[in-house]
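In case you want the letters, here they are:
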Amino acid sequence: MNDNIIKNENENAAIPDAQFEVRPVVDITENADGVSLCFEVPGANSKTVDVEVRYGVLYVTAKSSLRRRERPIVYKRAFQLSDSVDVENISAKTEDGVLTIEIPKSEKAKVHKIKVN
Amino acid sequence: MRNLLARHGNGELDFGARDFDRIMRRFFDWNDDEFPLAMGSSKTQMKVLDDRVEVKLPAPGCKPGDFDIEIVDDLLTVKVTHASHDSSGDDEKHYLVRERSFSEYEESIRIPVSVKGQQADAKYVDGVLEIAIPREEPKQNAGHTVKVQ
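Going down the list, the sequences are from chains A and B. The first sequence maps to residues 1 to 117 in the numbering used here. The second sequence maps to residues 1 to 149 in the numbering used here.
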């Protein structure tokens, strides 16, 4: 059952002639507290990465120092988020060409054990 | 259980093509939007400048100790081992999407000009291995005129 459909902005957005757009690979893992996304964006760092959430969609854009076909590479990918995430506390960091985004679950999405008396 | 993220794949568009796309990416270790022109296409980029040859290899998530670089005459060989990657906890992780690869990678490239391999310098910046190899100075009086009798 698909609750939501991932929208990849790459497929529909117009690609500027001056850039070479690449869809970065990602590992997404889930634990009790939230979801972790690790994108491979070689050549990009915290100064060239942009992460934002608009209307429930997470957009990732990362400009790389690498070039392909004489054009600078730009990594782009987008994911639809459910309303079970705590958007206000999303965090991101880059290290060695890997962008890691931590998306915490909202309180209502976490498992709450009820003690039975 | 409701997923926090949508499942990978688009039910409205050609789902078969997206699955095939995912398999091809893993097999060819390719993360481009375009279909590869040839199997095992090279990741390495080379630029020949006046005084040096610059080689760049994208290798995100590595450490400097993960690389073995060898230059023999005009042949450059780079091996990426991912030795620093800790995969011990991977089986316990709950993956929703798994596209990254940590397999060993090796590539040999022929350098088109004469270089001083012993003076090569390498650094790892923002997930990219950058190698700079000075070029040999052009030999003086390298030309020789042959007279026809």
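Worth flagging that the hints you see were computed from the coordinates, not collected in a lab. Hints are not guaranteed to be accurate.
Unchecked claim - Listed next, the in silico DSSO-like pairs over lysine-lysine satisfying Cα-Cα at most 27 angstroms (straight line):
id: 1; chain 1: A; residue 1: LYS63; chain 2: B; residue 2: LYS147
id: 2; chain 1: A; residue 1: LYS63; chain 2: B; residue 2: LYS63
id: 3; chain 1: B; residue 1: LYS47; chain 2: A; residue 2: LYS105
id: 4; chain 1: B; residue 1: LYS116; chain 2: A; residue 2: LYS63
id: 5; chain 1: A; residue 1: LYS93; chain 2: B; residue 2: LYS116
id: 6; chain 1: A; residue 1: LYS93; chain 2: B; residue 2: LYS123
id: 7; chain 1: B; residue 1: LYS63; chain 2: B; residue 2: LYS147
id: 8; chain 1: B; residue 1: LYS43; chain 2: A; residue 2: LYS93
id: 9; chain 1: B; residue 1: LYS123; chain 2: A; residue 2: LYS113
id: 10; chain 1: B; residue 1: LYS63; chain 2: B; residue 2: LYS43
id: 11; chain 1: B; residue 1: LYS79; chain 2: A; residue 2: LYS63
id: 12; chain 1: B; residue 1: LYS79; chain 2: B; residue 2: LYS47
id: 13; chain 1: B; residue 1: LYS47; chain 2: B; residue 2: LYS116
>> Can you confirm whether the C-alpha distance between LYS63 (chain B) and LYS43 (chain B) stays at or below 27 angstroms?
In response: holds (18 angstroms)
> LYS93 (chain A) and LYS123 (chain B): Cα distance at most 27 angstroms?
Replying inline: Given that 27 angstroms is the threshold and the Cα spacing comes to 21 angstroms, the pair holds.
>> Check whether the Cα positions of LYS79 (chain B) and LYS47 (chain B) lie no farther apart than 27 angstroms.
In response: OK: LYS79 (chain B) and LYS47 (chain B) at ~19 angstroms, within 27 angstroms.
> Does LYS105 (chain A) lie within 27 angstroms of LYS47 (chain B) when you go C-alpha to C-alpha?
Replying inline: Distance ~46 angstroms between LYS47 (chain B) and LYS105 (chain A) Cα, so the pair is violated.
>> Next pair to validate is LYS63 (chain A) with LYS147 (chain B); report whether the Cα-Cα distance is within 27 angstroms.
In response: violated (58 angstroms)
>> Can you confirm whether the C-alpha distance between LYS63 (chain B) and LYS147 (chain B) stays at or below 27 angstroms?
In response: Between LYS63 (chain B) and LYS147 (chain B) the Cα gap is close to 58 angstroms, so the pair fails against 27 angstroms, i.e. violated.
>> Hinted pair, alpha-carbon criterion (27 angstroms max): LYS63 (chain A), LYS63 (chain B). Please report holds or violated.
In response: holds (21 angstroms)
> Is the straight-line distance between the alpha-carbon of LYS116 (chain B) and that of LYS63 (chain A) 27 angstroms or less?
Replying inline: violated (33 angstroms)
> Does LYS93 (chain A) pair with LYS116 (chain B) here, judged by a C-alpha cut-off of 27 angstroms?
Replying inline: violated (38 angstroms)
> Taking 27 angstroms as the top limit, are the C-alpha atoms of LYS79 (chain B) and LYS63 (chain A) close enough?
Replying inline: Given pair LYS79 (chain B), LYS63 (chain A) holds - Cα atoms ~26 angstroms apart, limit 27 angstroms.
>> Can you confirm whether the C-alpha distance between LYS47 (chain B) and LYS116 (chain B) stays at or below 27 angstroms?
In response: holds (16 angstroms)
> Is the straight-line distance between the alpha-carbon of LYS43 (chain B) and that of LYS93 (chain A) 27 angstroms or less?
Replying inline: holds (25 angstroms)
In the structure shown, a violation is registered for the earlier hints numbered 1, 3, 4, 5, 7 and 9, in ascending order.
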